[in-house]
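Spelled out from the first residue to the last, the chains are:
Number of protein chains: 2
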Amino acid sequence: MHAAGGYLVRPPKPNHSNMSVLIVGSIALDTVKTPFEEHADLLGGSASYCAVAASFYSPVNLVGVVGKDFPQEHIEFFKKRGIDLAGLQIADGQTFRWSGEYMLDMNVRETRSIALNVFEHFNPVLAPGYSETPFVLLGNIGPNLQNHVLDQVKNPKFIIADTMDLWINIAKDELLRLLKRVDMLILNDGEARLLTQQTSLIKAGAMIQAMGPRFVAIKKGEHGCLLFGQDEDFFSCGAYPLEDVHDPTGAGDTFAGGLAGYLASAVKGDVTFADLRKAVVNGSVLASYNVEQFSLERMRTLTQRDIDDRYDSFRLYSHFEVIE
Amino acid sequence: MHAAGGYLVRPPKPNHSNMSVLIVGSIALDTVKTPFEEHADLLGGSASYCAVAASFYSPVNLVGVVGKDFPQEHIEFFKKRGIDLAGLQIADGQTFRWSGEYMLDMNVRETRSIALNVFEHFNPVLAPGYSETPFVLLGNIGPNLQNHVLDQVKNPKFIIADTMDLWINIAKDELLRLLKRVDMLILNDGEARLLTQQTSLIKAGAMIQAMGPRFVAIKKGEHGCLLFGQDEDFFSCGAYPLEDVHDPTGAGDTFAGGLAGYLASAVKGDVTFADLRKAVVNGSVLASYNVEQFSLERMRTLTQRDIDDRYDSFRLYSHFEVIE
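Those protein sequences? They're chains X and U, same order as listed.
The first sequence begins at 1 in my numbering and counts up by one.
The second sequence begins at 1001 in my numbering and counts up by one.
If you are wondering where the hints come from, they were derived from the structure by calculation, not from laboratory data.
None of these values were measured; they are calculated from a predicted model.
It is possible that part of the hints are untrue.
[Stated by the list, open to error] Computed from the model, here is a short list of chain U residues facing chain X with C-beta under 8 Å:
1) Q1197
2) T1199
3) S1236
4) C1237
5) G1238
6) P1241
7) E1243
8) R1298
9) Y1317
In this text, a Cβ means the ideal position worked out from N, Cα and C, and glycines have one as well.
Model the full structure from these sequences, guided by the hints.
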């Protein structure tokens, strides 16, 4: 039996020494179908995954919108994770709904339906006290909204943005404007190629840096992640060797949240490439756990011990000179 | 100017303390076309790449066949690399010829023509003294020939086999017979999926181990390589971040040769997983250099310093806890 609803990891206390992360993104109710299972009205959305993952490391200030139909149990879950909800808007209407289906090759996903609902008129306004949050993670929403958030922050220490193919296709100018304002961009391999029109991910990484962000992380799904820094700084992180993936939804958001949360918890001075290497591994650890169950279910029982164990496995699986 | 024909690395002396590697495979004259260049009658073939790569670490005993047209300069190149050619047959007729073309995405290759010539009746007979070579690398040729070589070896310490989709398609039973006799199989991701009918490379690796080899290396091209050992032993090696690949031909063979040569040079007792991790990195280093120029050209000028430098880069690019 899991005591206290399975929350074996004590969420960070609001005033502990770790710095906070401001997270903005979508909050959704998802219907997800895989070749083996289908589940409806699951907690989803980029901000949900980012915030819960980050909460394993640092206090989180969440900015998002849900409808009046949003289940109280999800609110309680966020609260139990220590996530500050002063920035959570509860609007008249229905919560954003997304429905998708994964093929037998779980790398292939089809969106079956989208209903923006209250998310259509989302205006991310920072709650009092949020504007000076040192770490900012702009989850995957329109770059106009991401820019709007940046207009409100003061003295940010480190800004990370996630994006997707949709925005590269329909809002590229706004995205390019955003890129000049962020320290780091996270995107997947297909998106990096789309954005740069380059086949080589190595060239693509450098080209994206030339668009603004000092750091770029290109996610490659089952092949791990490439991290680009200044000069010769480069890091290749393999993926955790999972035999079974039950629901890939939110893996990228969880990666970004774990990465941002780790940085906020560990970095005292400037963010260095050495910090980012470990942040990428922490993000990968969280993402590897999240895909083991649907929605955010795995995050409900995840313990610090689990995180430590898999972090050690990443070391063992990727370092070739290891004292065993 | 490169002194002494550019052979800046002194090949291992035949009687030095490193153990030898027996290498069998094809020796070919290749015509290779990329979107940018085309070159005819280049030195090629699995045994050529394997042997030259291995020669940077250990003495090599080569078994192969060429025709009377095989240029003397290639023989001289092998000799300068310290490769023992007592097992090189020079048969009446033409040397095996292969012609291929790479698309703009250099991961995609089309074979334009093949002329087996003297290779059609290749009977790999071990030269006197070859049968007790401790390390055996069965380069990519038909599994019937690979089995025939194993029938002749005595007390091998470690046997590695390479293979390809062709043999999985047309000689699967013979290949399965081979797998029960080898310590390690090297193949690429598509071949691993073809052999096991599994989408997941993690499952595929374990399934191939169940077919015989204790160790399996699955090459993923630009995404690096996965190494599977006993129990929980697993290693994920990223690829070197090359911006430009000029000719991918022989990358897999060079990887296998560097891996086998390293093992023969470094392993004193039994081959351990820790040895194999470093062997995979050494193979990756050699392969990353080889694709920088056509054919084996890059191997002519490669130095020990080059190898050491890139080995260090692999450490820096893949270890996430690094003292920089």
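Hints and how they fare:
Given hint, Q1197(U) at the interface with chain X, is violated; its Cβ is 12 Å from that chain's nearest Cβ, farther than 8 Å. Interface restraint check for T1199(U): the shortest CB-CB distance to chain X comes to about 5 Å, inside 8 Å, so the restraint holds. The beta carbon of S1236(U) comes within 3 Å of a beta carbon in chain X, closer than 8 Å, and the hint placing it at the interface holds. Taken as an interface hint, C1237(U) checks out: its beta carbon lies about 7 Å from the nearest beta carbon of chain X, inside 8 Å.
With a cut of 8 Å, the hint placing G1238(U) at the interface with chain X holds, because the nearest CB-to-CB distance is about 3 Å. Satisfaction of the interface hint for P1241(U) is found here, the shortest Cβ-Cβ separation to chain X being roughly 5 Å, below the 8 Å cut-off. Of the supplied interface hints, the one on E1243(U) holds, with its beta-carbon coming within about 5 Å of a beta-carbon of chain X, less than 8 Å. Using the Cβ-Cβ criterion of 8 Å, the hint placing R1298(U) at the interface with chain X is not satisfied: the shortest such distance is roughly 18 Å.
The closest approach between the C-beta of Y1317(U) and any C-beta of chain X is roughly 5 Å, which is under the 8 Å cut-off, so the hint is satisfied.
Checked against the numbered hints above, the structure violates hints 1, 8; every other hint is satisfied.
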